[in-house]
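Chains as they are written, first to last, in our numbering: chain F, 2 to 115; chain E, 6 to 120.
A hint or two may mislead.
[Said to hold, decoys possible] One side only, chain E facing chain F, incomplete, derived with CB under 8 Å: (1) M44; (2) R57; (3) P59; (4) S105; (5) E108; (6) Q109; (7) G114.
[Unchecked claim] Computed from the model, here is a short list of chain E residues facing chain F with C-beta under 10 Å: (8) F70; (9) S71; (10) Y106.
[Unchecked claim] Okay, the calculated beta carbon distance ranges per label pair: (11) S63/E with S27/F: 19 to 29 Å; (12) S63/E with N19/F: 33 to 43 Å; (13) D68/F with E88/E: 44 to 54 Å; (14) V17/E with A69/F: 43 to 53 Å; (15) T43/E with K57/F: 47 to 57 Å; (16) R14/E with L59/F: 21 to 31 Å; (17) R14/E with E16/F: 23 to 33 Å; (18) R90/E with E39/F: 22 to 32 Å; (19) E88/E with L59/F: 21 to 31 Å; (20) R14/E with V112/F: 40 to 50 Å; (21) Q3/F with N104/E: 22 to 32 Å; (22) G53/F with Q22/E: 45 to 55 Å; (23) T78/E with E42/F: 31 to 41 Å; (24) Y23/F with N104/E: 22 to 32 Å.
Read the hints as simulated data drawn from the structure, not as lab findings.
C-beta: ideal position from N, C-alpha, C; glycine also.
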Amino acid sequence: TQLLEQSPQFLSIQEGENLTVYCNSSSVFSSLQWYRQEPGEGPVLLVTVVTGGEVKKLKRLTFQFGDARKDSSLHITAAQTGDTGLYLCAGALLTTDSWGKLQFGAGTQVVVTP
Amino acid sequence: DARVTQTPRHKVTEMGQEVTMRCQPILGHNTVFWYRQTMMQGLELLAYFRNRAPLDDSGMPKDRFSAEMPDATLATLKIQPSEPRDSAVYFCASGLGGNSYNEQFFGPGTRLTVL
């Protein structure tokens with residue numbers, strides 16, 4: 002079982018629509034990252050959040066870290082075909098010996114069609 | 006443009022053969038991670054290093070897998086002997102451990118097919 006549960010597993014939308022991807026856990030994280038992975042490539046870091054309640058915006062992408070630092074969401078406004086990819090959330094557990102080790106969610110496959 | 010590099014990008018081999026995958030982490034990064042990604046299991050952590058010392062390799066099948074960092078610019082992952090179930094994409098990532106951000110930067114991966 003994964004420490005970080007992502008939902009939905011798959012999302013197909015049309016260009017211009019909005020979407021939200023969720024990342025939930027019962028564990029507390031010192032930091033949480035969102036990555037996007039395209040076919041044939043490695044995951045690319047999009048954002049890191051470290052403070053409970055933090056909201057970060059990256060153009061049309063909005064990332065939120067839950068107040069209790071157990072969950073996060075990614076919202077995309079007016080999706081474009083270039084947003085297609087596998088979105089992975091990952092978090093560092095609040096332990097002293099993690100030293101950069103991340104727990105990854107299973108990912109949400111987003112497909113944006115023209 | 007600092008990035009993690011991995012070689013080879015693709016490897017096809019026969020069952021029983023030795024496979025060696027190489028990774029050059031970003032200069033200055035002190036942590037290196039090896040992951041395996043499959044459709045069924047997603048991204049699994051195999052092993053990771055801090056300042057070239059192995060910190061955790063509990064995710065790795067010990068009888069056939071080994072991971073080393075001969076120097077700060079090279080990390081290797083070896084499989085001997087390889088089996089068809091080892092077919093997957095193997096990623097190396099590096100980062101600056103010890104700060105609050107815990108960010109990791111991934112290489113392009115090695116796609117391994119064991120026949």
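Verification of the hints:
About 10 Å separates the beta-carbon of M44/E from the nearest beta-carbon of chain F, more than 8 Å, and the hint is not met. At a threshold of 8 Å, the smallest CB-CB gap from R57/E to chain F is about 13 Å, leaving the interface hint violated. Interface restraint check: P59/E against chain F, minimum CB-CB distance 12 Å, threshold 8 Å, status violated. Because the smallest distance between the Cβ of S105/E and any Cβ of chain F comes to about 5 Å, under 8 Å, the interface hint for this residue holds.
With a cut of 8 Å, the hint placing E108/E at the interface with chain F holds, because the nearest CB-to-CB distance is about 6 Å. Evaluation of the Q109/E hint against chain F yields a held restraint, the C-beta minimum of about 6 Å falling below 8 Å. Interface hint at G114/E: satisfied, since its Cβ lies 5 Å from the closest Cβ of chain F, which is below the 8 Å cut-off. Hint status for F70/E: violated, given a least beta-carbon distance of 18 Å to chain F, over 10 Å.
A cut of 10 Å between beta carbons decides the hint on S71/E: the least distance to chain F is about 20 Å, and the hint is violated. Hint status for Y106/E relative to chain F: holds, with the closest Cβ pair at about 5 Å, below 10 Å. Range check, S63/E to S27/F: about 22 Å between beta-carbon atoms, so the 19 to 29 Å window is met. Between S63/E and N19/F the Cβ separation comes to about 40 Å, which falls inside the hinted range of 33 to 43 Å.
The hinted range of 44 to 54 Å is satisfied by D68/F and E88/E, whose Cβ atoms lie roughly 46 Å apart. A hinted range of 43 to 53 Å for the beta carbons of V17/E and A69/F is consistent with their spacing of about 47 Å. The hint said 47 to 57 Å for the Cβ distance between T43/E and K57/F, and at roughly 31 Å that hint is violated. One distance hint, 21 to 31 Å for the beta-carbon pair R14/E and L59/F, holds here, with the actual separation near 29 Å.
Between R14/E and E16/F the Cβ separation comes to about 31 Å, which falls inside the hinted range of 23 to 33 Å. At roughly 26 Å, the beta-carbon separation of R90/E and E39/F lies within the given 22 to 32 Å, and the hint holds. The hinted window of 21 to 31 Å between E88/E and L59/F is violated, with their beta carbons roughly 41 Å apart. Distance hint check for R14/E and V112/F: the Cβ-Cβ separation is about 25 Å, which falls outside the suggested range of 40 to 50 Å.
Checked against the hint of 22 to 32 Å, the pair Q3/F and N104/E passes, with Cβ atoms roughly 25 Å apart. Hint check: G53/F to Q22/E, Cβ distance near 50 Å, so the stated range 45 to 55 Å holds. Distance hint check for T78/E and E42/F: the Cβ-Cβ separation is about 22 Å, which falls outside the suggested range of 31 to 41 Å. At about 27 Å, the beta-carbon gap between Y23/F and N104/E stays in the expected band of 22 to 32 Å.
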